[in-house]
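Each chain is listed here by its residues.
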Amino acid sequence: MGGPVWVTAVNLVIWTGLVLWLLRLDRRIRELEREP
Amino acid sequence: MAAVIWAAFHWAPLAAGFKGESSRILFFHVPMAWVSFVAFMTAGVQSARYLFGSRTPQDAQLDRSAAAAVEIGLVFATLATVTGAIWARIMWGSYWNWDPRQSGIVVVLLYYAAYEALRQAIADEEVRARLSAAYGVLGLVVSPFLYFVLPRLGFSLHPEPVINAQGKMEVEARMLTVLLASSSGFTVLFYWMHSLRCRLGAIAARRLEEEN
Amino acid sequence: MSSNWAAEAAAVFAKDWRCELRTRHAVATLALFAVTTLVVASLVLGPVGNEPARAAQIVPVLVWLILLFAAASGLPRAFVHEEESRTAIALRLAGRPSAVFAGKLAHVVTLVAALEAIVAPLAVVLFDLRVADGFAFAAALGAGGLAIAAATTLLPAIVAQGRGASTLFAVIALPVLLPALALAVAASRAALVGIAGGDELTLLLLYDGAVVVAGFLLFPAIWNP
Numbered sequence: 009m010g011g012p013v014w015v016t017a018v019n020l021v022i023w024t025g026l027v028l029w030l031l032r033l034d035r036r037i038r039e040l041e042r043e044p
Numbered sequence: 213m214a215a216v217i218w219a220a221f222h223w224a225p226l227a228a229g230f231k232g233e234s235s236r237i238l239f240f241h242v243p244m245a246w247v248s249f250v251a252f253m254t255a256g257v258q259s260a261r262y263l264f265g266s267r268t269p270q271d272a273q274l275d276r277s278a279a280a281a282v283e284i285g286l287v288f289a290t291l292a293t294v295t296g297a298i299w300a301r302i303m304w305g306s307y308w309n310w311d312p313r314q315s316g317i318v319v320v321l322l323y324y325a326a327y328e329a330l331r332q333a334i335a336d337e338e339v340r341a342r343l344s345a346a347y348g349v350l351g352l353v354v355s356p357f358l359y360f361v362l363p364r365l366g367f368s369l370h371p372e373p374v375i376n377a378q379g380k381m382e383v384e385a386r387m388l389t390v391l392l393a394s395s396s397g398f399t400v401l402f403y404w405m406h407s408l409r410c411r412l413g414a415i416a417a418r419r420l421e422e423e424n
Numbered sequence: 052m053s054s055n056w057a058a059e060a061a062a063v064f065a066k067d068w069r070c071e072l073r074t075r076h077a078v079a080t081l082a083l084f085a086v087t088t089l090v091v092a093s094l095v096l097g098p099v100g101n102e103p104a105r106a107a108q109i110v111p112v113l114v115w116l117i118l119l120f121a122a123a124s125g126l127p128r129a130f131v132h133e134e135e136s137r138t139a140i141a142l143r144l145a146g147r148p149s150a151v152f153a154g155k156l157a158h159v160v161t162l163v164a165a166l167e168a169i170v171a172p173l174a175v176v177l178f179d180l181r182v183a184d185g186f187a188f189a190a191a192l193g194a195g196g197l198a199i200a201a202a203t204t205l206l207p208a209i210v211a212q213g214r215g216a217s218t219l220f221a222v223i224a225l226p227v228l229l230p231a232l233a234l235a236v237a238a239s240r241a242a243l244v245g246i247a248g249g250d251e252l253t254l255l256l257l258y259d260g261a262v263v264v265a266g267f268l269l270f271p272a273i274w275n276p
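Residue numbers (my numbering), protein chains in the order written: chain A, 9 to 44; chain B, 213 to 424; chain C, 52 to 276.
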């Protein structure tokens, strides 16, 4: 399947990507909510 | 932030895996399956509150909440099925065996895909909310059977069970810790996604109102 | 107050059966489907009962599939027909939702029981089945039949108000019925062979109970505009 390094790298990429994406979504939604 | 803490937990799977490299995938597979169950239970509870709570303006929000929970639950359930199939391939050589647990999650997928189909089929908002809520509450009864009873029963159906996936409990403490950490992380992820989805739905609804 | 409820439920039950006996639509569809499939299966399989092990593998699954599909094709029309022919409105005024549900459920239960009364003996004869525990076999049939009845009473009510009702019904009914069917097949198989099927039967009855209770809880919300 892949050595520890490889697995760590995949994990890092997926999770940081996911978190950043969700944070961006959150920011965008907050802007939309601010509009009257 | 909670999200960062949970992200940190996922480094742990790399440290504690005892079995072959391949079974590390369990640290994703099991929590995702569990979270999909949580998602569908949430949908059921929100549906029940919609149907049986007193009529207030927050009604529509409950309906949106239930629908959002089902959507996200479907995502997690699909991922759980896929990761399960990958693990099955590595451990036992084939992706699919109609192992009772695999069958259970497939039926769950069918059940909530039907939920989505039901919502598509009804145009009137209020009728749609009411009927899908009823179906969602029924899911509270059906899901536990599919997730927990059917897999255990299945061994008497098949002449010789090909797989005993997750039939035994993880006894090794470190694995358990990681599993729990991973599960809580995924749960946090679910609630975060769910609240985002609900807010998005509320905005869309408000937009629709403003147009009319 | 409660005697009124029973009277309402009985009235719905009687009305459904009166309509049914007039058209004999459901009974005919059920019987036709079930008997035809059984005969075809018997032609192909022969008297499998002679090899009990093989029969235990095949026949329970076959019988339950036949029961399921017969019910799925013959029963859901009831609600759709009500909505289409506008009698639904009259029905909504005539009685409390839970009474309507009880009456309709009783009607479908008797229909399924009648279906099983045809299918089970026929299967035993055609396949030359040796049933080790007749009582357990009947119990499995009853419990599984109740599940089919509950699902085909409750679910059509949900889909009747949407588009594409009959396809949607099939999509929805399968996931709900699969646990029940799996349990019923297991219990039937155990009864045929003579091993203990008590666990499966208990679970099946539990599932039945839960679905019926859910039905009573949910029906008012589904039924009332």
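Keep in mind that the hints are not guaranteed to be accurate.
Okay, the calculated beta carbon distance ranges per label pair [unchecked claim]:
id, chain 1, residue 1, chain 2, residue 2, range
1, B, Arg301, C, Val91, 32 to 40 Å
2, C, Val78, B, Leu392, 50 to 58 Å
3, B, Trp304, A, Val18, 44 to 52 Å
4, B, Gly305, A, Leu20, 55 to 63 Å
5, B, Gly305, C, His76, 13 to 21 Å
6, A, Leu20, B, Ile302, 37 to 45 Å
7, B, Leu392, A, Arg42, 17 to 25 Å
Chain B side only, calculated, beta carbon under 10 Å to chain A, not exhaustive [said to hold, decoys possible]:
id, residue
8, Val257
9, Arg261
10, Trp304
11, Leu391
12, Leu392
13, Ser395
14, Leu401
15, Arg411
16, Ala414
17, Ala417
18, Leu420
Hints were generated in silico from the structure; no laboratory data involved. C-beta atoms are modelled at their ideal positions from N, C-alpha and C, and glycine is treated no differently.
List of violated hint numbers, smallest to largest: The structure breaks hints 3, 4, 5, 6, 7, 8, 9, 10, 11, 12, 13, 17, 18; every other hint is satisfied.
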